[in-house]
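Enquirer: Turn these sequences into a full structure, and let the hints guide you.
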Amino acid sequence: MLKNKLLIFTTMLFAVALQANASITIGTPLVSTYWLSEHKDKVTVLDVQKKIKKGMKTIDGAVLVDWSKVRAKKTEDGMKLIKMLPTKAEFNKHMQSLGVNNNSAIVITTSGDGASNIFLGTRLYWQLKYFGHDNVAMLDGGNAKWNNEKKAMGHGEKPSKGSFVATAERKGILATTSDVEKAIESGDTVLVDSREEDQYLGLFYKKKYVYKAGHIPGAKSAFGGTFLKHKGKTFQTKKNMGDVFNAKGITTTGKGIAYCNSGHWGSGTWFIQHEILGNKNFKLYDGSMHAWTKGNKRPVNKIIYE
Numbered sequence: 008m009l010k011n012k013l014l015i016f017t018t019m020l021f022a023v024a025l026q027a028n029a030s031i032t033i034g035t036p037l038v039s040t041y042w043l044s045e046h047k048d049k050v051t052v053l054d055v056q057k058k059i060k061k062g063m064k065t066i067d068g069a070v071l072v073d074w075s076k077v078r079a080k081k082t083e084d085g086m087k088l089i090k091m092l093p094t095k096a097e098f099n100k101h102m103q104s105l106g107v108n109n110n111s112a113i114v115i116t117t118s119g120d121g122a123s124n125i126f127l128g129t130r131l132y133w134q135l136k137y138f139g140h141d142n143v144a145m146l147d148g149g150n151a152k153w154n155n156e157k158k159a160m161g162h163g164e165k166p167s168k169g170s171f172v173a174t175a176e177r178k179g180i181l182a183t184t185s186d187v188e189k190a191i192e193s194g195d196t197v198l199v200d201s202r203e204e205d206q207y208l209g210l211f212y213k214k215k216y217v218y219k220a221g222h223i224p225g226a227k228s229a230f231g232g233t234f235l236k237h238k239g240k241t242f243q244t245k246k247n248m249g250d251v252f253n254a255k256g257i258t259t260t261g262k263g264i265a266y267c268n269s270g271h272w273g274s275g276t277w278f279i280q281h282e283i284l285g286n287k288n289f290k291l292y293d294g295s296m297h298a299w300t301k302g303n304k305r306p307v308n309k310i311i312y313e
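For the sequence shown, this note's numbering gives the first residue as 8, with consecutive numbering after it.
Don't read these hints as lab results, they were simulated from the structure.
Some hints could be false.
[Stated by the list, open to error] Here are the simulated distance ranges between beta carbons: (1) M86 / I31: 16 to 24 angstroms; (2) K215 / I180: 23 to 31 angstroms; (3) H46 / G256: 37 to 45 angstroms; (4) K287 / K189: 13 to 21 angstroms; (5) K246 / K309: 44 to 52 angstroms; (6) N108 / K227: 37 to 45 angstroms; (7) E188 / K236: 32 to 40 angstroms; (8) E188 / G232: 25 to 33 angstroms; (9) D84 / K57: 36 to 44 angstroms; (10) E45 / A175: 24 to 32 angstroms.
A quick note: this is a predicted structure, and the numbers were derived from the prediction, not measured.
Ideal Cβ placement from N, Cα and C applies to all residues, glycine included.
Expert: Shown next, in the form of structure tokens:
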């Protein structure tokens, strides 16, 4: 009898602990290192890294995420593309391998040492949102800020398999090549090029998977790194972000589509517009210049040079 009561009591405690862990709602797209330190036992921390090296350090308790597994190959309109949004089944499998459940409160971190690395995290954030998971935030400052504050570091957890299953496919935050063509024709949507200006102008391009230099006709340049401060480790204030877009003649309330070379840097622009500034009319062009220039059928603009 005593054993049964003890078992029931233990089971109830375990259930309460699980409920406490599941009940936290982050409620904001960006969290501070202080916030994370206060709630770390109630969230799943995913650390997106370009290359996972043996013995590399991360936030204590975090799960390392291999960037090469975040995106996938895809055929769209007969074109074989790389670095694209995975299928629902592919995404489910990946999230489960990281220990993610549908009730997980997720904080995404990166090395935090520059725009290119920080926007690895915003890309995963965008994909989680696309597949219906809203309880997610980015860690402002990432591992760099966490480590500078002498907070506990570890070497990456090996999680138990999660049970994550995508609950939606939110096509309202995704732009396809066809959507971009329609946007150009209608003229009612601003296209935002998130790359460095030399790529926008056509002075340089990533020839491995972009097949023409220049930018999509009519696009405006807004380099993603502009929206980060402190040598690229934390985001600018909300006001500064809005002011930058306004100075460039880019709406923060109307229709917009962000792009880059492969939907990586563009995800940072989408994150700022859609999540921080609250522009729910903003989308990410997943295929970006990779898809736009594939097949040499679509026009690009660039400066004239010898």
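Enquirer: Between M86 and I31, is the Cβ distance one that fits in 16 to 24 angstroms?
Expert: Given a distance of about 42 angstroms, which is not inside 16 to 24 angstroms, the answer is violated.
Enquirer: Please test the hint of 32 to 40 angstroms on the beta carbon pair from E188 and K236.
Expert: Roughly 36 angstroms apart at Cβ, these two residues keep to the hinted range, so it holds.
Enquirer: In this structure, is the beta-carbon distance linking K215 and I180 contained in 23 to 31 angstroms?
Expert: holds, 27 angstroms
Enquirer: Starting from the hint 36 to 44 angstroms, judge whether the C-beta atoms of D84 and K57 obey it.
Expert: violated, 29 angstroms
Enquirer: Between the beta carbons of K287 and K189, is the distance compatible with 13 to 21 angstroms?
Expert: The hint (13 to 21 angstroms, Cβ to Cβ) holds, given that K287 and K189 are roughly 19 angstroms apart.
Enquirer: Does the beta carbon distance between K246 and K309 stay inside 44 to 52 angstroms, or does it fall outside?
Expert: violated, 33 angstroms
Enquirer: The hint says 37 to 45 angstroms between H46 and G256; measuring C-beta to C-beta, is that right?
Expert: Holds, at about 39 angstroms.
Enquirer: Cβ-Cβ distance between N108 and K227: within 37 to 45 angstroms?
Expert: Given range 37 to 45 angstroms: holds, Cβ gap about 40 angstroms.
Enquirer: Does the hinted range 25 to 33 angstroms hold for E188 and G232 at CB?
Expert: holds, 28 angstroms
Enquirer: Lying within 24 to 32 angstroms: is that true of the beta-carbon distance E45 to A175?
Expert: holds, 30 angstroms
In this structure, the hints that do not hold are numbers 1, 5, 9, in rising order.
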